[in-house]
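Turn these sequences into a full structure, and let the hints steer you where they fit.
Each residue of the sequence shown is one higher than the one before, starting from 1 at the first, in full-length UniProt numbering.
Just so you know, the hints here were simulated from the structure itself, not pulled from any lab data.
Fair warning: this is a prediction, and the values are worked out from it, not measured in the lab.
Think of the CB as a built atom: it goes at the ideal place given N, C-alpha and C, for glycine as much as any other residue.
Some hints here could point you the wrong way.
Claimed, not checked - Cβ pair distances, simulated, as ranges:
| id | residue 1 | residue 2 | range |
| --- | --- | --- | --- |
| 1 | T278 | A13 | 34 to 40 Å |
| 2 | Q602 | G521 | 37 to 43 Å |
| 3 | E485 | A795 | 20 to 26 Å |
| 4 | A394 | G475 | 28 to 34 Å |
| 5 | D16 | G251 | 41 to 47 Å |
| 6 | S527 | G397 | 17 to 23 Å |
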Amino acid sequence: MGKRSDPLASYNAKRDFTKTAEPKGEVPANGGAGGRRFIVQKHAASRLHWDLRLEIDGVLKSWAVTKGPSRDPAVKRLAVRTEDHPLSYAQFEGTIPAREYGGGTVMLWDRGTWAPIAGKSAADLEDGHLHFTLDGERMKGEWLLIRLKPRPGEKRENWLLRKIGDDHAAPDEALVEHHLTSVSTGRSMAEIAAGTRGSAASARADQKDVAAGMAKATKPGAKRPRRRLAAKLPGFRAPQLATLVDAVPTGNGWMHEIKFDGYRALIAARGEDVRVFTRSGQDWTAKFGPLVAAIAALDLPAALIDGEIVAHDAVGNPDFSALQALLKRGRGAQGPDDSLAFYAFDLLEADGVDLTALANIERKERLEALLAAAEPPIHVADHVIGAGEQLLRAMCGAGQEGIISKAIDAPYLHKRSHSWVKVKCIRRQEFVIVGWKASTTNARPFASLLLAQHEDGSLAYKGNVGTGFGDEELGRMAARLRRLERKTPPLDVDRAAARGVTWVKPALVAEIAFAEFTAQGRVRHASFAGLRADKPAREVASETPAPPPVTASDVDITNRDRVIFPDTGQTKGELADYYAAIAPAMLPFVAERPVSLVRCPQGRARKCFFQKHDSGALGDAVRHVPIRQKDGGSEDYLFVTDQRGILQCVQMGTIEFHAWGSRVDAVDQPERMIFDLDPDEGLDFEAVKRAATEIRAHLADLGLISFAMLSGGKGVHVVIPLTPGHDWDTHKDFARRFAEALSLAAPDRFTATMSKARRSGKIFIDWLRNQRGATAVIPFSARARAGAPVAVPIAWDELAKFEDAHPFAIGDAEALLHRAKSPALQGWGFAAQSLPAF
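Shown next, in the form of structure tokens:
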């Protein structure tokens, strides 16, 4: 590769080495002698990113990867080329002063060696690409760097980094989320920022100092200096619109986003002043009070943000019907609604500067920086570069509307254009034609056809279709309809739908493409695809997927009709069928662990009791393990290993399953820590969600990955999986000190004391489940509560949308199994990590 006279001149010019601890840039006398080390540094500067550095020609060639590397070959990360760094930077870990270039905490996140693949070389960088392998502690296998075509006047180099499919590829985003500590010192970002020496060498921090650090992030109502606002609040500007196409554009010149099924909205923000505009310029600020408040709380500079307002259904999918129903009820203006969210996908103005001439990818990057501190219900819409077909398949498979594809280097246009295109997911079903409505002009013989399907032995109205007809087809269809006319409707239909209809004999079958069924059972975005002559009208029925049959295996469930949940009427048989269906998802968390059962032989409204010792009457698949007691003796505790054991417990009146934080083969080596957030009666679920999110952040600062579970009651469990290797005293001590530190940091919101008198108006951080012999309800266990709810694992980014801790019940086995298999919950509850010093 061509060499500059001083490749580190830019690096040295940007830094004052009397203030920063970074090493001064010097090229080795031997030019580096052809070394091929690589490092990745996690860098919390003005915004978090990961710096990839490859040793080439005696320096570290560097790229800032905005979201961190991904092992998924379908995910392409934007990697911005930065100045070359000295080889000595490969050992740097610490904090750059706040006012210096790159100010923030730097972690040595990965390290190892790299090599170009056979037939390639480092000189390929000059041509805008590099195909190479990494042999690091976290990044392995084949990778590819590709330079994007620069736009006129663009100063920086934008590249793409992606994984090549091999044995080290994985279809997940867990690489940066599940590796939170330094490969060099084992420290978390919090420990590096605090200047501690690392978990192996550091002494326990003084609890009051830890509490003081937590208080900065947890104290409610803490006043912060308001932003100085120079630019005025932006006004409405016409949004860019997408052109419908029938194929996904290919290549790395396109970025692809989910097409959200909601209301398009432009948000004008300036500090606490926020306006919400529809795509036509109407001011709908008053309709979306909770979203307006969430954006105002971000204290943004003057900005105009483009995005979509959506409402989520029970399983987290955007649902247009739910949004319409919410607005009809006025919930958006009257108070919080966890189903409501705003997904931002473009930035038109920022701090008085018009950004519309910039490239799509650069506007998106600036949007991510602007909203870096945003939390649900405010989101930045994710995107992938390339791999649009794969995203479309995933969206269609999940029942979503489709995707939007945007040319990476295109400016923002206030009109419909081909630099934004939309590809929709389309469903097809057969419908019976039952009538037609006349056209208001003479341009066509009819305006639309009325559709129906058979349901429960009679025809049910399914809406209208008015597009998709060719000119010749319109004439032929009109002639056939005239021959089938009748005076009375062949189905029950409301007066509004029947107005102006000419009814026909239900004999013609049409194949209709459509986006979805509305909540009223009507087709949405319907298009006529053709007539079907191969199927009689009497056989056209609604194609609603039926849940798979579930049985209680080979366990004889007696008294299946006994009502266990009197408020819903659900029976012992239905409870057994739920556990039979959910067992595959539940067993990883209950099998081979000492368990306590909540048994309610006469139903949840009658006497219920805990059972943890083996009485020998539960069944041959319910086993026991002797566990040493404090008095030196031992007791036999229950455990199960398979579905049969679970169902034998249900047969004997069990509703709930609670488990130890250790396994039967190592009962004195805890491997699961749980903080149960238990709110006082006067607190709403919003307070619990905020607390869970804060606890997650504090644990991440300590280098611990955590997971969220809705308890099925009124709280949230924060679950921390651990590698066995410490005892119960250490386990309990960490949990207690963490909870007490949090309660000291925010004493008006949290308490670590069980006392009811001390809990008034607060959330009890229940750490007591982390001691020997204590249990916690397991994922997917039913609860002996009204409504037959269940405890449900969730992804952190979906916590905000839930209105309470019991959104699912035993009748939702199919939906829960689908969720458990989703990419968002893959690996839930499992991570290789140890307790840090604290």
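Legend entry - List of violated hint numbers, smallest to largest: Hint check: 1, 3 and 4 fail, others pass.
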